[in-house]
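Q: Listed below, chain by chain, are the residues.
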Amino acid sequence: MNSSEPVIRAVNLKKYFPVRGRIFDVIRRRPKLYVRAVDDITFDIYEREIFGLAGESGCGKTTTGKTILRLIEPTSGKLFFKGDDLLKYDGSKLKEFRRRAQIIFQDPYESLNPRMNIYSIVEEPLRIHKIGDKNERLEMVFKVLEDVELKPPENFIYRRPHELSGGQRQRVAIARAMILNPEFIVADEPVSMLDMSIRAEILNLMLKLRDEYKLTYLFITHDLAVAKYICSRLGIMYLGKLLELGSAEKVIDEPYHPYTRALISAIPTPDPREKIGEIPIKGEVTSPINVPKGCRFYPRCVRAMDICKEKEPKLMEVSKGHFVACHLYA
Amino acid sequence: MASITATRIEAVKSFLSELKLHKTGLLGLGVLILYVFVAIFAPWISPVGPNETGLADSYAYPSWFSIFPGYENLPRNIILKLSYEDWHVLHQSNGLEYVEENDLSKINVKSGNVSTVKDLLLEYTFNYTFNPPKRFSGKIPFKVEINHALGSYVRIRCSIVTPKGRVYEVYDSLPIANNLTRLETPATYDARDISLKLKLGFSPHDYLGEKIFNLKGVYKLRLYISIFSVKGDGAVNVWLGVNEFRIYGMLYGILGTDNLGCDLFSNLIYGTRVSLMVGILASVISVSIGLVVGVISGYKGRIVDQILMFFTDTLLFTPILPLLIAISVFVGKNLYLEIALIALFSWMVFARNTRAYVMSIRDSMFVESARAIGAPDIYIIFRHILPQLTPIIYINLVMRVPGAILLEATLSFLNLGDPSVPSWGRMLYNARYAGAFFRFMWWWIIPPGLAITFLALAFVLLGNALDAILNPRLQVRR
Chain A
1 MNSSEPVIRA
11 VNLKKYFPVR
21 GRIFDVIRRR
31 PKLYVRAVDD
41 ITFDIYEREI
51 FGLAGESGCG
61 KTTTGKTILR
71 LIEPTSGKLF
81 FKGDDLLKYD
91 GSKLKEFRRR
101 AQIIFQDPYE
111 SLNPRMNIYS
121 IVEEPLRIHK
131 IGDKNERLEM
141 VFKVLEDVEL
151 KPPENFIYRR
161 PHELSGGQRQ
171 RVAIARAMIL
181 NPEFIVADEP
191 VSMLDMSIRA
201 EILNLMLKLR
211 DEYKLTYLFI
221 THDLAVAKYI
231 CSRLGIMYLG
241 KLLELGSAEK
251 VIDEPYHPYT
261 RALISAIPTP
271 DPREKIGEIP
281 IKGEVTSPIN
291 VPKGCRFYPR
301 CVRAMDICKE
311 KEPKLMEVSK
321 GHFVACHLYA
Chain B
1 MASITATRIE
11 AVKSFLSELK
21 LHKTGLLGLG
31 VLILYVFVAI
41 FAPWISPVGP
51 NETGLADSYA
61 YPSWFSIFPG
71 YENLPRNIIL
81 KLSYEDWHVL
91 HQSNGLEYVE
101 ENDLSKINVK
111 SGNVSTVKDL
121 LLEYTFNYTF
131 NPPKRFSGKI
141 PFKVEINHAL
151 GSYVRIRCSI
161 VTPKGRVYEV
171 YDSLPIANNL
181 TRLETPATYD
191 ARDISLKLKL
201 GFSPHDYLGE
211 KIFNLKGVYK
221 LRLYISIFSV
231 KGDGAVNVWL
241 GVNEFRIYGM
251 LYGILGTDNL
261 GCDLFSNLIY
271 GTRVSLMVGI
281 LASVISVSIG
291 LVVGVISGYK
301 GRIVDQILMF
311 FTDTLLFTPI
321 LPLLIAISVF
331 VGKNLYLEIA
341 LIALFSWMVF
351 ARNTRAYVMS
361 IRDSMFVESA
371 RAIGAPDIYI
381 IFRHILPQLT
391 PIIYINLVMR
401 VPGAILLEAT
411 LSFLNLGDPS
421 VPSWGRMLYN
431 ARYAGAFFRF
441 MWWWIIPPGL
451 AITFLALAFV
461 LLGNALDAIL
471 NPRLQVRR
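As you go down the protein sequences, you meet chains A and B in turn. Using our numbering, the letters of the first sequence map in sequence onto residues 1 to 330. Using our numbering, the letters of the second sequence map in sequence onto residues 1 to 478.
Because the hints were derived from the structure by calculation, they are not lab data. For every residue, glycine included, the Cβ atom is placed at its ideal position computed from N, Cα and C. Incorrect hints may have been included.
Cβ-to-Cβ under 8 Å is the rule here; a few derived chain A residues that face chain B [said to hold, decoys possible]: (1) Leu71; (2) Lys93; (3) Lys95; (4) Arg98; (5) Ile103; (6) Phe105; (7) Asp107; (8) Glu110; (9) Ser111; (10) Leu112; (11) Asn113; (12) Arg115; (13) Glu124; (14) Ile128; (15) His129; (16) Asn290.
Per the computed footprint, the stretches of chain B lying under chain A, defined by three or more beta-carbons under 8 Å from a beta-carbon of chain A, are [claimed, not checked]: (17) 368–377; (18) 382–394.
Kindly produce the complete structure, drawing on both the sequences and the hints.
A: Written out as C-alpha cells, the structure reads:
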C-alpha cells in the first residue's frame, strides 16, 4: 500500500494440472484435459500487509500459495519477489529464498514429523541452512518458542507432537517457520483445524509476530470472519479466478460481486436462534476441468445476464483499490 | 542430549517388554538363540570335522541303535594301535635284535660270515564278539636301512589268523633291497582292495571283512619280518612305527555316517553356520538393494521410477532357478557367489513395497514442510523418510531369512551349492545321491529337514511378533 516495491507480485499466474487420460481418450485423440487450479490471476502483496485469499474448497487458494513459494512450478505467468524474477531462482538463490519465505500448513497434526521431538522440529530449519553452532541453535530455539508463547520452552523441547494439543502444535509449526527470521509467510488456513477458542489466540499471535518480525503474510482461508479479523486486503477466488479484490473491510462490508455476496450471506452468526437467510446462489461448484466459456460463476449466479454466458469479465477497479470481475459493473 | 539416549534405552526396554507378551515371538527368539549358540560352538559340540571321511564304515547306524533288538551285535569301531610293548614276540632268530628306540621298534641284524635269513614274528591277540564287519584296514609304518652288500633284503608281511587257525596274509611288502622310509605315509592294506580279495581267493564282490571275521572268538594279528643278509660286513636295520589295525564299525556317533564314512551329526552341526550365514547375509544384502531401489524410485518418481521398476519387474518375472543353474554351471560353485545370487534375486518385492511406502511419505505434509524450508532431497530421505521405514526394514530383514535359507538348501540339494561347504541342503543332496532314501536312513534325511524347518519357523515367528509390535494397527486383524 505505502511501499513502492511489492514483496510478491504475481502476473497472469497459471497452474494447470494434467488429468490422467484414459486409454480410450488417447486412442480417440481427444484433447488432453487439465484441472485449471489457478487460471490467470494477477495481484501484488505489499510489505507488512496481510493479504487474504478466500473462497470455497478447491478454488485454487492453496495452489496459489504453494506456487508463490515455488513448491509447485506454475504453468505460465510471472512471479516477482521484491522485484527479482522468482522463477529464475535456482540452487543457492532458491535456498536463500526458502529461508526468507516460509509456509504454515493447515493441519498441525500432519505437518510435524511424528518421530521427531519438538526441539528437532524447530531446530531443523537452522540445521538445513547451517546457521549457528549447537549452543546458538539451542538459544534460538528457546527464544522462538517463547515468542510463540510455548512457555517455559524446556517443558516442550523433549516432547513429541502427539503429546501436544492442536493449538500447541500449530504454535510449534509457527515457531518452525519463524526461526529463520523470514520476511514473507504463506499461512495456509492455519486456524481452520483448531477449536474456536484457540483460533483467536493463534490469530493474535500471528498479528503480534507480524509486528515483532516485520512480516508480510499471504493468509489463505475459507472463513470470511477470520479474513475480516486479520487481513488488510482480501481476494475472493472462484475456480482459479480472482473475482473480487480490495481492502478486507470493504470487500466484506460492501461486496460487489454476486459470489462474494453469497459467501457473506452464508456466514453463520454466533446466535443460534437466528436463522440463516436464503443464500443467493444456485447449484454446485462446477468442475474445474470443464469451465464455462464466459464468466466462471455464470451457471450459479442469480443475477446472470446474456453477456455473462459469452464473454469473460475482466478485473476492473470500481472504487479506489477495489477490483471486481463482473459484467454488472462494467 | 542425555535424555535422548535415555529415551532410546527406554524404547528398547518397552520393546522387550512388549515382546514378552508375544509368546510365539519369544519362542522364535529362543530357538534362534539356540541355533546361534550351536553355530558358534560347533567345534565343541561336534569334535570331528564335517569333512573327515572314514570315521566308520559307510552308512553306519547311529550308535544308540544298539539298544534295539537285532542291532545289538552290529560291528563296533575297533582301532588297535600297536607299538613295541603291545606285541608278543612269537619267534626271534639269533643275531637279530629287537629293541625300543625313540617310539619306534628297532630291529637290526649284524653281518656274519654266511648269508642268512633271520626272522621276527610278532603277534597280537584280540577277541572279536560282534557280527562280521564289512571292512577292515591297517597301516604299517616302517623304515628300512640297508648298509650292506648287494643282495640283502627285508620283507614284511602281515596276516590275520582266525579262531579256526586259518591264516590270511593281508600284506606282503615283497623283498625290499634298498633304503626306504614309509613312516609318514605308511604301507597300508584295506579290505576293499580288489587285488587283495583276488590274492586271498575271493570274488571282487565279496566283503573281505565278512569272510575273515565271520566267527566270534580270538583272532590273531601277526607281523612277520624276515631279513636276508649276504656274507660280508655291514648291518640291516628296520624300524617299525605304531602299527594300526582297525575294523570299521556299523555303529557310529549320534547320527551315524554317510556313504564316505563322514559324521552326519557333525555335518548337521556345522550346517547351522552356513545356513545362518547365508540366511542373514543374503537377507541383509537383498533388503539393502531393495531399500535403495525402492527409496530412489519412490522419491524421484517419473522416468527414474519407470526405469527402475522396469528392471525390478523384469527380475521379478525371471525364472530364477534355471538362471541359477546356468550361472552355477558356467561361473562355478562358490558359497559367496551363491549368497550374492540369492540376494540379487530376492529384493524385488521389498523394493516395490518400499517404493509404495516412500511415495505416500513423500506426499505427506511434514516432507512438504521440510521441502518448503529448503531441505535437500538427501536430507529429506535420511531425516524424514528412512526413519518412517525402520519398522518395515526390521520386519523384512527377519522375514527374508527363511526364504534365503530355503533357496540355499534348494540349490545345494540340486548340487548347485559349494561342494566343500557342509550345509543342510548338501546333506540332503548327499542323502539322495547315496541312496539314503531307499535305504530308509531316516536319521540322515529328517534331521536336516527339521533343522531347516525350525530355523525358518523361528525367523517367521520372530518376524510376526516384530510385525505385531511395530505395526500395532495390524493387530486388530489377527
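Q: Double-check Asp107 of chain A for me: the hint is only fine if its C-beta lies closer than 8 Å to a C-beta in chain B.
A: holds (6 Å)
Q: Leu112 of chain A was flagged as interface toward chain B. Is the shortest Cβ-Cβ separation under 8 Å?
A: holds (6 Å)
Q: Against chain B, is His129 of chain A within 8 Å by beta-carbon distance?
A: Given a least distance of 7 Å, the restraint on His129 of chain A holds.
Q: Do at least three Cβ atoms from the region 382–394 of chain B come closer than 8 Å to Cβ atoms of chain A?
A: That given contact holds, which follows from 4 residues of the region 382–394 of chain B lying within Cβ reach (below 8 Å) of chain A.
Q: Under the criterion of a CB-CB separation shorter than 8 Å, is Ile103 of chain A in contact with chain B as hinted?
A: With a minimum Cβ separation of about 5 Å from chain B (threshold 8 Å), the hint on Ile103 of chain A holds.
Q: Verify the interface restraint on Glu124 of chain A: the C-beta must sit less than 8 Å from at least one C-beta of chain B.
A: holds (7 Å)
Q: Could you check if Leu71 of chain A really has its C-beta closer than 8 Å to a C-beta on chain B?
A: holds (6 Å)
Q: Would the hint on Phe105 of chain A stand, with a C-beta cut-off of 8 Å toward chain B?
A: Cβ of Phe105 of chain A sits 5 Å from chain B, so the hint holds.
Q: Hold the hint about Lys93 of chain A up to the distance rule: shortest CB distance to chain B must be less than 8 Å.
A: Violated: closest Cβ of chain B sits about 11 Å from Lys93 of chain A, beyond 8 Å.
Q: In terms of beta carbon proximity below 8 Å, does the region 368–377 of chain B have 3 or more residues touching chain A?
A: holds (count 9)
Q: Are Arg115 of chain A and chain B close enough, Cβ to Cβ, to be under 8 Å, as the hint says?
A: holds (5 Å)
Q: Is the hint on Ile128 of chain A kept, meaning its closest Cβ partner in chain B is under 8 Å away?
A: With Cβ-Cβ at 5 Å, under 8 Å, it holds.
The structure does not agree with the numbered hints 2, 16 stated previously, though it agrees with the rest.
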